[in-house]
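Read off the chains here:
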Amino acid sequence: ETGVTQSPTHLIKTRGQQVTLRCSSQSGHNTVSWYQQALGQGPQFIFQYYREEENGRGNFPPRFSGLQFPNYSSELNVNALELDDSALYLCASSLQGADTQYFGPGTRLTVL
Amino acid sequence: DQQVKQNSPSLSVQEGRISILNCDYTNSMFDYFLWYKKYPAEGPTFLISISSIKDKNEDGRFTVFLNKSAKHLSLHIVPSQPGDSAVYFCAASAGYGGSQGNLIFGKGTKLSVKP
Chain A
1 ETGVTQSPTH
11 LIKTRGQQVT
21 LRCSSQSGHN
31 TVSWYQQALG
41 QGPQFIFQYY
51 REEENGRGNF
61 PPRFSGLQFP
71 NYSSELNVNA
81 LELDDSALYL
91 CASSLQGADT
101 QYFGPGTRLT
111 VL
Chain B
1 DQQVKQNSPS
11 LSVQEGRISI
21 LNCDYTNSMF
31 DYFLWYKKYP
41 AEGPTFLISI
51 SSIKDKNEDG
61 RFTVFLNKSA
71 KHLSLHIVPS
81 QPGDSAVYFC
91 AASAGYGGSQ
101 GNLIFGKGTK
111 LSVKP
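As you go down the protein sequences, you meet chains A and B in turn.
Residue numbers 1 to 112, in the numbering used here, belong to the letters of the first sequence in order.
Residue numbers 1 to 115, in the numbering used here, belong to the letters of the second sequence in order.
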């Protein structure tokens, strides 16, 4: 059984640019959630996707957007990058109705 | 306003002894709680969970206790092993179990288990 995978591992962007991060769900999982983890903090919920639709959103501006594909993989897009967007971005997959979210290794984004 | 608080940033324990990690929450709507362990350069790994209808859940060396009246939960690791050294996150969910909706995380406690 393949776990949650994310790409790329690391990314460096400059302020104002746009970025796309990718996530492949664990086999059989139909729900994907994205989290932002700033240094010294716990992960913060960005949004969740189920059946290709946004299924809940945290306190993040609209320049954070996402997609889920029919194979349940997902993308996180961030427009107009700001310095404070520098963080570890974590993807978690789960089966709708089950009890646990399983995390990928994350993408470390640095905005200069 | 932190809804899930882990007030100890770090904890050091001798190998073989008990590790107790604490977590407090403020939102009485939380009804499902999870503990994750995180090694550097890896994503959080699910460890153990508990529903608010229970006050204890055990899995091998790991036991989670929930005190709803005090809005407090704790993770006990017995016996502690050097491989347990990691950052431990407490997370809570309201109304949807652990897979749906928003998981609210604490800031984590770094556990160091010394040989």
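Source of the hints: derived by calculation from the structure; they are not laboratory data.
These figures come from a predicted structure and were not determined experimentally.
Where is the CB? At the ideal position from N, CA and C, for every residue including glycine.
It cannot be assumed that every hint is accurate.
Straight-line Cα separation of at most 20 angstroms, SDA-like style, residue types lysine to any residue; simulated pairs [to be verified]: (1) B:K107 to A:I12; (2) B:K56 to A:D99; (3) B:K107 to A:N30; (4) B:K5 to A:D85; (5) B:K107 to A:K13.
Stretch by stretch, here's where chain A covers chain B in the computed footprint (C-beta under 8 angstroms, at least three residues) [to be verified]: (6) 14-25; (7) 40-46; (8) 64-71.
Hints versus structure:
1. B:K107 to A:I12: violated (25 angstroms)
2. B:K56 to A:D99: This hinted pair holds, its Cα atoms lying about 16 angstroms apart.
3. B:K107 to A:N30: violated (28 angstroms)
4. B:K5 to A:D85: With Cα atoms ~23 angstroms apart, K5 (chain B) and D85 (chain A) exceed 20 angstroms; violated.
5. B:K107 to A:K13: violated (26 angstroms)
6. 14-25: violated (count 0)
7. 40-46: holds (count 6)
8. 64-71: violated (count 0)
Going through the hint list in order, the structure does not satisfy hints 1, 3, 4, 5, 6, 8.
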